[in-house]
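K.L.:
Hey, can you work out the whole structure from these sequences and the hints?
If you're matching them up, the sequences are chains L, W, D and V in order.
For the first sequence, my numbering gives the first residue as 1, with consecutive numbering after it.
For the second sequence, my numbering gives the first residue as 1001, with consecutive numbering after it.
For the third sequence, my numbering gives the first residue as 2001, with consecutive numbering after it.
For the fourth sequence, my numbering gives the first residue as 3001, with consecutive numbering after it.
This list has only true hints and no planted wrong ones.
Calculated cross-link-like contacts (lysine-lysine; reagent style PhoX-like; alpha-carbon spacing at most 25 Å):
hint: 1; chain 1: D; residue 1: Lys2225; chain 2: D; residue 2: Lys2256
hint: 2; chain 1: V; residue 1: Lys3148; chain 2: D; residue 2: Lys2194
hint: 3; chain 1: V; residue 1: Lys3106; chain 2: V; residue 2: Lys3033
hint: 4; chain 1: D; residue 1: Lys2106; chain 2: V; residue 2: Lys3148
hint: 5; chain 1: W; residue 1: Lys1207; chain 2: L; residue 2: Lys194
hint: 6; chain 1: D; residue 1: Lys2085; chain 2: D; residue 2: Lys2128
hint: 7; chain 1: L; residue 1: Lys106; chain 2: L; residue 2: Lys207
hint: 8; chain 1: D; residue 1: Lys2069; chain 2: L; residue 2: Lys106
hint: 9; chain 1: W; residue 1: Lys1207; chain 2: D; residue 2: Lys2010
hint: 10; chain 1: V; residue 1: Lys3194; chain 2: W; residue 2: Lys1085
hint: 11; chain 1: W; residue 1: Lys1199; chain 2: L; residue 2: Lys199
hint: 12; chain 1: L; residue 1: Lys194; chain 2: L; residue 2: Lys106
hint: 13; chain 1: L; residue 1: Lys75; chain 2: L; residue 2: Lys128
Note that these hints are calculated values from the structure, not bench results.
Next come the chains, spelled out residue by residue.
Protein chains: 4
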Amino acid sequence: MVDIQNSRDKRNIPINCVGIKNIRYPIVVQDRKNQRQPTVADVSLYVNLPHHYRGTHMSRLVEVLNEFKGEVSYKNLDRILLRMKERLNAEKSHLEFSFPYFLTKKAPVTLWESLMSYDCIIAATYDKHLSITTTVRIPVHTLCPCSKEISDFSAHNQRGYVTITVEMIKFVWIEDLITIAEESASCPLYSLLKREDEKYITEQAYKNPKFVEDVVREVAARLEKLSYLRFFSVEAENMESIHNHSAYAMIRRDFKVDRP
Amino acid sequence: MVDIQNSRDKRNIPINCVGIKNIRYPIVVQDRKNQRQPTVADVSLYVNLPHHYRGTHMSRLVEVLNEFKGEVSYKNLDRILLRMKERLNAEKSHLEFSFPYFLTKKAPVTLWESLMSYDCIIAATYDKHLSITTTVRIPVHTLCPCSKEISDFSAHNQRGYVTITVEMIKFVWIEDLITIAEESASCPLYSLLKREDEKYITEQAYKNPKFVEDVVREVAARLEKLSYLRFFSVEAENMESIHNHSAYAMIRRDFKVDRP
Amino acid sequence: MVDIQNSRDKRNIPINCVGIKNIRYPIVVQDRKNQRQPTVADVSLYVNLPHHYRGTHMSRLVEVLNEFKGEVSYKNLDRILLRMKERLNAEKSHLEFSFPYFLTKKAPVTLWESLMSYDCIIAATYDKHLSITTTVRIPVHTLCPCSKEISDFSAHNQRGYVTITVEMIKFVWIEDLITIAEESASCPLYSLLKREDEKYITEQAYKNPKFVEDVVREVAARLEKLSYLRFFSVEAENMESIHNHSAYAMIRRDFKVDRP
Amino acid sequence: MVDIQNSRDKRNIPINCVGIKNIRYPIVVQDRKNQRQPTVADVSLYVNLPHHYRGTHMSRLVEVLNEFKGEVSYKNLDRILLRMKERLNAEKSHLEFSFPYFLTKKAPVTLWESLMSYDCIIAATYDKHLSITTTVRIPVHTLCPCSKEISDFSAHNQRGYVTITVEMIKFVWIEDLITIAEESASCPLYSLLKREDEKYITEQAYKNPKFVEDVVREVAARLEKLSYLRFFSVEAENMESIHNHSAYAMIRRDFKVDRP
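P.N.:
Written out as structure tokens, the structure is:
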């Protein structure tokens, strides 16, 4: 059969990224406590396409995914990316896995255990070198410092989301990014709380009010200390309980520019 | 050209609903204060299909939509539905318009004005008679009575959504359903609040704690008094500020069964 | 500590449904080929609330979920629901699990294997009796019979989604509902196809054109033969390749009314 | 009342972006044919925050939005952004409006008119200079060249989306970007087509097969010729009719680097 994709292209325009987007796939990710955690990912796999080829062979990307049977660890990301380059004759390969990651958490007073889920994205590119970017979205509790200060009692509070993206030289655990975000907010969230825990969280958050500005600054201050980061961004978004829109703040640092 | 849709079907199976789904269309809706409000809707238009026809003529549904140029009022819903029946030779027609509806609201203390938007769905069916169902989703502020009671100070609170669906004999204003929901929660939401307003809302909500159970009961108690309703449901969903899941409650009453 | 939820409510209004909505949880579902399949679900758990109680105890619903550790099979749905009734002192309990379900499929010519995912919802209610409703959304290929007939060559085709919901007396495999939908469309979808397979599918679909009306009728004709169904609905939605809206058709049968 | 936001911050960390996210607002945009088009937008408004302030005054951003009453044209974007800087004492301001834009299109043979909607984003930043970025997402029809070549008859085709983002020195009409995308695909989409039109489109697309790779290259070749662009990216995503995932391609050019 004719291989149309392989035919010569005369428009002379290279393509940055071409491949398959949003294929859902069961994967297994590294878990600090349990070693391996099965979950479900949305996967995108791309390569570059030189100017002289008309098309890429997308089915080979699915074949590479099948070859690795969904094992996603920092150890084999480079093998997947190198295999993509090899199978597609590409100079550059890129992948993205988006998935929920589960963590067992203990309620603050009763210590009852429950599972919390966090949306994660692992994105990796192999150009000349490998670079890996990890994104985690952490739901938190935030209590408004202004509302507390100006009101005779109480303060409005809400669920917020802290999104941390880091590009690393060495490995960083998702669990550590979650801890940084939770400790920078008024209080963490839990799936299971008994009355004693609810009392604790209510009072704790009131003692510890935070704007979105405070949250991103405290996360940024901690991330700045991690010498092995090449880039980070931190966003905080409050689903304001007194508005129907969000309060938002973002800090980004690119150490490839700032401390090369 | 051959009219395949018009050909005879021998499977002997009538189709309840067939048509076009989710076409986006600029519409104009009735507005109590300003008479007419331009907005943008997702529109679905369906008819029934008798067992002996193979297909319906979907392009005619778009033609009917164009004929009425997006004027959606309680006065012309029946004309649109009758026109659908006529153009498609159908015994039954059904339409759905989903759209944001804007309302000018005054902040509680400063009285500064701002716009709030509410997601609405108008669904109407013309079988032998016309029946119209209106759904409004109203964002509100809720403060937890349990958290207030057990804590030495403060209480967790959050944004919640109250969704009211009513089937009516006579006309009801979207504005009235919004008022019912807002008065049944701990406090309404606003787009623009100055510090005086924020203090008021913080304190007001603390004096007026509400579970999702309280919210649906208070909305239901008010809707029960509207003698011209044939059906209602009310849902309350709190985007819990101490959990990453929602608290939810729902009450439904079908007066077609209960008070025929 | 005071139990506010347990306090007496004087509004005299029972609540149909109250509980937790959209908690994400890793689950294990039954798999015809591999016995057990790990996946990730959005879970909602509700009970009714009699008129004399002010609130339900939502944390107990999470406790029940933890007790069963995400094992979801037709065998233990009744145990989960009975446990919910018991822990919450309720007369009625209801649960919903929404999750992707993976199936290994062979390409039609090369027989190369790949995974396809299908969105599923298992909803179950225990009132006096247990009733279980299963929903599966199956992506398919549909080729337009009208376009084929009126054009000198080719025909527009597209991805469509068939959504089947069944309420059963006895157990039905998700796999069987998928087969019924795929055989009623112009062609099934696959994650991995080589050129030989692509040729086969292209030609096969052209020989087998289907309107959304045809798809729902063929699915309905097959479901009607399953004597153990108490209810079914089938929807077909084409993401039309010549429009930016969907073509849609739906058939529903309630055998509780039709063949009681 | 105390102004907490205005208090001194000692963490010494400036914030890149802070403000309100996703407030829904009725706006009026420029329309080449009808001058002004009312639509509904999701609006985000941000400013930078110097290291020495604790918080920004978010309500002032809503006040600025109200001042301009939703008039969004290339002429007043700079006035909105300057006003934001002024009201918030900021060195930098940024806004984003996401909205559906409607265009009247004529069917290719019958010339019947109907409305198509296109998702647009206008994003603008005022740092030392003003820069405006426009994004338009255009739904198109694509027919697979490989499927056509290898099959004895027909070819699989589907709805695809072309997303063009441009940063401009001078004004560009949304209408022109739509034309570029539609002419680079196998065929445009329409809301209303009669049988003669459907025949035309079916045959036209078959004569004009396009991979996602072809689509992005043809759009890129046209955008390259627009000398007043400072940056562009073009993405093509096919909702593959034989797979349940997308085929994707992207080309990006930054003339600030390439032709400074």
